[in-house]
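Peer 1: Protein chains in written order, with the working numbering: chain A, 1 to 148; chain B, 149 to 554.
In case anyone wonders, no lab produced these hints; they're calculated from the structure.
Bear in mind the structure is a predicted one, so any value in this text is a computation, not a measurement.
Glycine residues also receive a C-beta, built at the ideal position from the N, C-alpha and C atoms.
Incorrect hints may appear among the rest.
Some chain B residues near chain A, calculated using beta-carbon distances under 8 Å [stated by the list, open to error]: (1) Gly202; (2) Ala204; (3) Ser283; (4) Gly287; (5) Tyr363; (6) Trp364.
Listed next, the in silico EDC-like pairs over lysine to aspartate or glutamate satisfying Cα-Cα at most 20 Å (straight line) [said to hold, decoys possible]: (7) Lys465/B / Asp478/B; (8) Lys176/B / Glu137/A; (9) Lys516/B / Glu486/B; (10) Lys176/B / Asp23/A; (11) Lys465/B / Glu420/B; (12) Lys424/B / Glu542/B; (13) Lys176/B / Asp43/A; (14) Lys424/B / Asp434/B; (15) Lys516/B / Glu435/B; (16) Lys516/B / Asp43/A; (17) Lys465/B / Asp422/B; (18) Lys176/B / Glu219/B.
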Amino acid sequence: MSEPDSCTSTAQSTFVARHAIGDRVTGAALVAHDGFSARYDLDRIRGIFSRPSHALVGQSYVGKVLVLDTAKGGVASAWMLHEMARRGMVPAALVFNSVNPVLVQGAAFGGVTMLAGFDGDITSMVPHGATVTIDPETRTLQLMPEQR
Amino acid sequence: MKLNDEERAMLEGELGRVPQIAIAHQIKVGDFFGATDFVPVTQVHIMADTESLGEAGVAWLESLAREDRGEARVRVPTITDPRGTDFSKATRLGQAPWMLDLERRAIEALAHLGVLMSDTCINYQTIQAPTRGESVAFGDTGVVIYTNSVCGARSNFEGGPSAVSAGLTGRTPRYGFHLDAARTATLRIRVGFTPRSLNDWGALGGVIGRLAGNYWAVPAIEGLAVSPGSDALKHFGAAMASFGSVAMFHLIGLTPEESRADRLPLAHHVSEADVKALQDAYAGDDEIDVVVFSAPQLSLYELRALAELCDGRHFVKPLLAVTSPQVKPDADRLGLTERIAAAGGLVLSGMCFYQSYAREIAEANGWKRLATNSAKLVNILGGYGYATTLASMERCVDAAETGRFG
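Bound conformation, chain A alone:
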């Protein structure tokens, strides 16, 4: 592809993505310059990152806005996001610098909010633990006021 055209960043508190899907959500950001695969990286029963080499190992992802570099791994995540969502053990949203089709398919199937594709490295622009609002309609990630 064909990562579609360009994106813009308005000030330091709002970041505009090239791609978006899902509903508007607000949550705490879990940030790392690392990849994401539901099969490779997660203990989906306990709701934590379990891959020993992952930057977020041991941390709970449930209800968090994951801000990560890229999608990794195989096709299983497309089913797994749906399964995790039905058990209420799913991230509130996924935000990537770049994404593969599997996670988009999983987000579409599981009803998980997602943004992808920014000017610059989104994992270096969002503070870990910040409260952020993801709005797919405007394709934006917004840092909430206390984080600015």
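Knowing the structure of chain A, use the given hints to seat chain B on it.
Peer 2: Positioned in the frame of chain A, the structure of chain B alone reads:
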């Protein structure tokens, strides 16, 4: 997306509720990637093991099978990736009845929709390899990277729900690797080392996958001294896809499509030391609990090589060799299964180790330290709690006999 009359009828429900659900899902994905229309596909391959689907995914398949008076069927030949068990060996694997019940329900629903339960991740070796330019919708990243790179056919990674949808509509959104623009090389890599064993091919693929780093990267690789065979490319591609989420590569002078790499500067040089370093990173304890040959499923030639290594041995640790339902009858008929079993090994069919409740069977069997010749498998199993060792098939068989490396 621009829809033709048939696609519009699907979306409006005129052809039934099931095609409507399927094409609505596909349009969401197509819109995300800016697809302008659909491309017809000739074959579909669905990854649908129940560890991934869970109760929710199986229930969704069952709901599709019930809709439209139970008359909905796939429109093009549609096959499946490995299941989550070999039913005949489930007790020996320590799998629980609920896992098998979930598998049976998924199989019944998929079969009702007209899906052919091929249960293989090496369909390009055993069912029908797609041809250059053929548009398909394949699941399993190893299948997709082989399809794009070696066959010159066209597929994106199609996760299960999208692959099911592609089977039901006979098409997929035209984005990514269905477009010429995505298939040209994006980085040029020179290798100074030509692997000799399958674990080396996998490790080289893993190194390149890490360098490439994401789905949209297409490495063009030069410097190989030999033309790899199908099993070598199987491990090479599967590991590259696993470590890097890469969906296509070019081997300059070997794979069928023009890479246009001559316009690119040399981005990386990969040496034998780089390949060794990746393997050294997966050198667990000297002692092992289990040896697994899987991911991808073994070809008849790999089983032949394994049988030769098993002759005259007596294993003190479990050795599992996983193949496809198409290869297994030949392995039985040709005596390969019996030779592996005589040493204490177990040949499994129609499953893949990491797709078969790997965490639960580790707990049931006390398996923690796992040896394999699959770079893809060691990359996956860390998250499941295993300490893995990547080594040649010969060294893994030795370890099954003595219980340790060294």
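Peer 1: It remains to establish, for every hint, whether it holds in the given structure.
Peer 2: Going through the hints against the structure:
{"no.": "1", "hint": "Gly202", "verdict": "holds (3 Å)"}
{"no.": "2", "hint": "Ala204", "verdict": "holds (4 Å)"}
{"no.": "3", "hint": "Ser283", "verdict": "violated (15 Å)"}
{"no.": "4", "hint": "Gly287", "verdict": "holds (5 Å)"}
{"no.": "5", "hint": "Tyr363", "verdict": "holds (4 Å)"}
{"no.": "6", "hint": "Trp364", "verdict": "holds (6 Å)"}
{"no.": "7", "hint": "Lys465/B / Asp478/B", "verdict": "violated (26 Å)"}
{"no.": "8", "hint": "Lys176/B / Glu137/A", "verdict": "holds (14 Å)"}
{"no.": "9", "hint": "Lys516/B / Glu486/B", "verdict": "violated (27 Å)"}
{"no.": "10", "hint": "Lys176/B / Asp23/A", "verdict": "holds (13 Å)"}
{"no.": "11", "hint": "Lys465/B / Glu420/B", "verdict": "violated (31 Å)"}
{"no.": "12", "hint": "Lys424/B / Glu542/B", "verdict": "holds (17 Å)"}
{"no.": "13", "hint": "Lys176/B / Asp43/A", "verdict": "violated (28 Å)"}
{"no.": "14", "hint": "Lys424/B / Asp434/B", "verdict": "holds (17 Å)"}
{"no.": "15", "hint": "Lys516/B / Glu435/B", "verdict": "holds (10 Å)"}
{"no.": "16", "hint": "Lys516/B / Asp43/A", "verdict": "holds (16 Å)"}
{"no.": "17", "hint": "Lys465/B / Asp422/B", "verdict": "violated (31 Å)"}
{"no.": "18", "hint": "Lys176/B / Glu219/B", "verdict": "violated (25 Å)"}
Of the hints listed earlier, those the structure fails to meet are numbers 3, 7, 9, 11, 13, 17 and 18, in rising order.
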